[in-house]
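Trainee: So the chains spell out like this:
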Amino acid sequence: MPKLVITPEHQIQRLNQILNKVSELQGMPLETVTKAPSPKSWNILEVLEHLSIAIDLYTPKIEQAFSEVTPSDTGSWSFKVRPWQRFVIEGQRPKGKKRPFKMKTLKRFEPLLDPETLDAQKRSAVFERFLHSYQDLKAHIVSSRTKQMRHRPFSSAIGPIVKFYLPEAFEFLLCHAERHMVQIDEILVSQT
Amino acid sequence: MDVAHSDRLKSFFKGVAFSEQQEAFFLKPWKVYTFSQSELITQAGNIERRFYVVVAGVQALYLLNKNGEKVVLGFSYPGSPSGVFDSFIDQKPSDTFLEALKPTILLGISRSDYLSLFENHPDFHKWGHLFFREILFGRLFREVELLTLSAKERYVTFMNRCPEELKVIPQKYLASYLNMKPETFSRLRRSVQY
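Line by line, the protein sequences are chains A and B.
Just so we're aligned: the first sequence equals residues 1 to 192 in the working numbering.
Just so we're aligned: the second sequence equals residues 1 to 194 in the working numbering.
Source of the hints: derived by calculation from the structure; they are not laboratory data.
Some hints here could point you the wrong way.
Cβ pair distances, simulated, as ranges [unchecked claim]: (1) A/V5 with B/T157: 30 to 40 Å; (2) A/D119 with B/G138: 37 to 47 Å; (3) A/T192 with B/V168: 49 to 59 Å; (4) A/E128 with B/K92: 19 to 29 Å.
Taking beta-carbon pairs under 7 Å as the criterion, some of the chain B residues facing chain A (in silico) [unchecked claim]: (5) S38; (6) L64; (7) G68.
Using 25 Å as the maximum straight-line C-alpha spacing, the simulated PhoX-like pairs for lysine-lysine come out as follows [stated by the list, open to error]: (8) A/K80 with B/K66; (9) A/K80 with B/K181; (10) A/K98 with B/K31; (11) B/K181 with B/K102; (12) B/K70 with A/K138; (13) A/K35 with A/K97; (14) B/K31 with B/K92; (15) A/K147 with B/K70; (16) A/K97 with B/K66; (17) A/K21 with A/K95; (18) A/K147 with A/K61.
Where is the CB? At the ideal position from N, CA and C, for every residue including glycine.
Kindly generate the complete structure, drawing on both the sequences and the hints.
Mentor: Shown next as structure tokens:
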């Protein structure tokens with residue numbers, strides 16, 4: 001597997017694309033965002049809620065790591081991802097418009113939304129939670145640009161089998177979100 | 001707005017003659033924005049909200065190639081315009097970043113206020129004609145230099161032309177702007193007199 005060198009600017013650009021896309025989804029009719037392609041699949045709101053659940057598990061870990069880092073005066077970082085973390089990250093990253101390594105969602109990451117009762121108020125809450133969480137992530141990435149990425153690595157949301165430094169965690173969360181943006185595209189195509 | 005800033009703006013918009021009333025109208029919408037070193041002024045994926053005139057500092061305009069590496073398109077420095085102009089005009093998400101390479105002070109104006117200058121004062125159209133001509137010629141010269149000059153010639157041409165402020169920014173930005181590797185830039189800096 002080729003080396004993976006990541007930078008905050010690349011992450012910010014991709015995160016802005018995700019935020020712009022979700023802002024567009026926010027303006028779509030309720031039916032569009034609550035209609036799933038099949039009874040066993042998620043609708044768009046469920047996908048977004050899943051992403052909010054996932055990121056919220058990382059927020060306290062990210063904040064803890066931030067309390068350990070020190071300022072840098074050498075410009076923004078670039079970070080070479082370690083091999084095992086690279087494998088985990090690449091497992092999430094979509095390949096073009098495809099989602100490789102499809103996996104079953106763990107119970108704790110499942111969106112507990114009842115598709116039958118989703119109304120305009122719940123839709124607003126889902127979008128607000130998502131946008132708030134991912135704007136926070138962006139603020140953390142932007143803030144990290146002037147810090148040295150030296151801190152105790154922290155466990156991922158699936159446990160200590162995968163430990164991340166901040167740049168790796170940012171990349172993992174981004175690839176995970178990008179993967180689900182592909183899923184949202186598939187849901188939208190299924191409705192045409 | 002203090003006198004130095006208003007003089008900076010009037011000097012930037014040279015060729016525009018103001019009555020006292022027009023000058024007050026012109027100066028009113030401009031605000032001072034400060035950025036620390038390395039701060040992103042505009043992010044790729046966001047819409048550029050302002051047109052800037054630089055008071056202090058150096059800023060780099062760059063985009064990311066498919067490997068996520070920075071490709072520097074240009075710099076701004078005291079007395080020059082700054083901002084992501086295509087995004088500012090079209091109000092579409094920017095493809096480029098604007099970063100403060102040194103502590104930066106900018107005078108900025110919103111798009112609606114910028115357009116109102118043109119609507120309310122015909123001299124701005126003359127200024128705009130000259131401004132865009134200068135920008136176009138600058139881009140054409142740069143394209144010719146990139147396509148026809150060797151790395152050493154590009155280095156010498158640039159170092160002879162560029163303001164002193166640009167000579168102290170990190171070499172990797174200058175190397176990228178001149179389309180050469182940082183190692184090549186470093187070797188030229190050591191060995192070539194200009």
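Trainee: Decide, hint by hint, whether the structure agrees.
Mentor: Each hint tested on the structure:
Evaluation of the 30 to 40 Å hint for A/V5 and B/T157 yields a pass: the beta carbon distance comes to about 32 Å. In this structure, A/D119 and B/G138 break the distance hint of 37 to 47 Å, their C-beta atoms being roughly 55 Å apart. Between A/T192 and B/V168 the beta carbon distance is about 55 Å. The supplied range of 49 to 59 Å therefore holds. For the hinted restraint 19 to 29 Å between A/E128 and B/K92, the CB-CB distance of approximately 25 Å keeps it satisfied.
The criterion of a C-beta within 7 Å of any C-beta in chain A is met by B/S38, whose closest approach is roughly 6 Å, and the hint holds. Look at B/L64: its Cβ gets to within about 6 Å of chain A, closer than 7 Å, so that hint holds up. Among the interface hints, the one on B/G68 holds; its C-beta lies about 4 Å from the nearest C-beta in chain A, closer than the 7 Å criterion. At most 25 Å may separate the alpha-carbon atoms for a hinted pair to count; A/K80 and B/K66 meet this at roughly 17 Å.
Pair hint A/K80 plus B/K181 holds up; C-alpha atoms about 20 Å apart against a cutoff of 25 Å. The hinted pair formed by A/K98 and B/K31 fails the criterion: a straight-line CA distance of about 46 Å is larger than 25 Å. Annotation: proposed proximity of B/K181 to B/K102 holds, straight-line Cα distance about 22 Å (limit 25 Å). For the hint linking B/K70 to A/K138, the alpha-carbon distance of about 19 Å falls within 25 Å, and the restraint holds.
As the CA atoms of A/K35 and A/K97 are separated by approximately 21 Å, the hinted pair is consistent with the 25 Å bound. This hinted pair checks out: B/K31 and B/K92 have alpha carbons roughly 23 Å apart, not beyond 25 Å. Between A/K147 and B/K70, the direct Cα distance comes to roughly 19 Å. Compliance with the 25 Å bound is thereby established for this hinted pair. In summary, the hint linking A/K97 to B/K66 is supported, as the alpha carbons are separated by about 17 Å, within the 25 Å threshold.
Distance check on the hinted pair: A/K21 and A/K95 sit about 18 Å apart at the alpha-carbon level, within 25 Å; holds. Note on A/K147 and A/K61: the hinted pairing holds, with a Cα-Cα distance of about 17 Å set against a maximum of 25 Å.
When held up to the earlier numbered hints, the structure conflicts with 2 and 10 and fits the remainder.
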